[in-house]
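From just these sequences and the hints, can you work out the full model?
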Amino acid sequence: MPLNALVCLASPGDPLLFGTVVRREPKEMAEALPLVGVSFEAGRGLEQVLAWIGRTLANKVLVQVSTNLLSIRPVLEGLQALPTVPLAEELVYGQAPQRPSYLSAVQLKVVMAQQQLALQLAGRALDPSQTAALERGLGQRVALIQGPPGTCKTFICVMLSQAIVRHSQETILCVCYTNHALDQFLEALLDKGIKDIVRIGG
1230 MPLNALVCLA SPGDPLLFGT VVRREPKEMA EALPLVGVSF EAGRGLEQVL AWIGRTLANK
1290 VLVQVSTNLL SIRPVLEGLQ ALPTVPLAEE LVYGQAPQRP SYLSAVQLKV VMAQQQLALQ
1350 LAGRALDPSQ TAALERGLGQ RVALIQGPPG TCKTFICVML SQAIVRHSQE TILCVCYTNH
1410 ALDQFLEALL DKGIKDIVRI GG
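Counting from 1230, one number per residue, gives the positions in the sequence shown under this note's numbering.
All the pointers check out, no bait thrown in.
Derived Cβ-Cβ restraints for the label pairs, each shown as a range:
no.	residue 1	residue 2	range
1	Gln1375	Leu1402	12 to 22 Å
2	Ala1372	Met1258	33 to 43 Å
3	Arg1370	Ala1342	13 to 23 Å
Straight-line C-alpha distance at most 20 Å; calculated SDA-like pairs for lysine to any residue:
no.	residue 1	residue 2
4	Lys1338	Ser1397
5	Lys1256	Ala1234
6	Lys1382	Asp1412
7	Lys1421	Ala1347
8	Lys1421	Ile1393
9	Lys1421	Cys1381
10	Lys1421	Gln1398
11	Lys1421	Leu1355
12	Lys1382	Leu1355
13	Lys1424	Phe1384
If you're looking for bench data, these hints aren't it; they were derived computationally from the structure. Note that this is a predicted model, so its numbers are computed, not measured. Glycine included, each C-beta is placed from N, C-alpha and C at the ideal position.
If you want it as structure tokens, here you go:
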């Protein structure tokens, strides 16, 4: 657990408390009961910690959330400044994904049929898992599509983007871990005739 790491103090039935590592001495960490200094925000969180310490810290776990709070602090502060959190029902409250406003259930079936026909005319086809990924991506506001390299994730995302551009006025934001991945995705969009693109990055 490095200095400035974002950590979470967790206990069953209690709210999560977040803090940062402010003290970490190698000798103290090597003890049978390791000692680490954590700073919590003043207010209700700090009062909760003090109340816990007054009783016992048994059944409580300290979990490292991020290597360095300083690297994600601007993002967290930006989220705190938002008047509302986009997609909060799914991302914050863990509710089942809602249907997007721009595509009804009937339209979803039509779009899926169009995509399958276009693939057949090109001599291609999606396997069942790829079809399910495309359908969930189109039919839900939030969908996680994952898979190892070569499983057509970029191809599915291009199909999703193409359908969204055709059937809505929505703006698409694509964030990639590497410039190479972003360029691959944007080149595939250009090949599909989607040219209204703004690229930001090196």
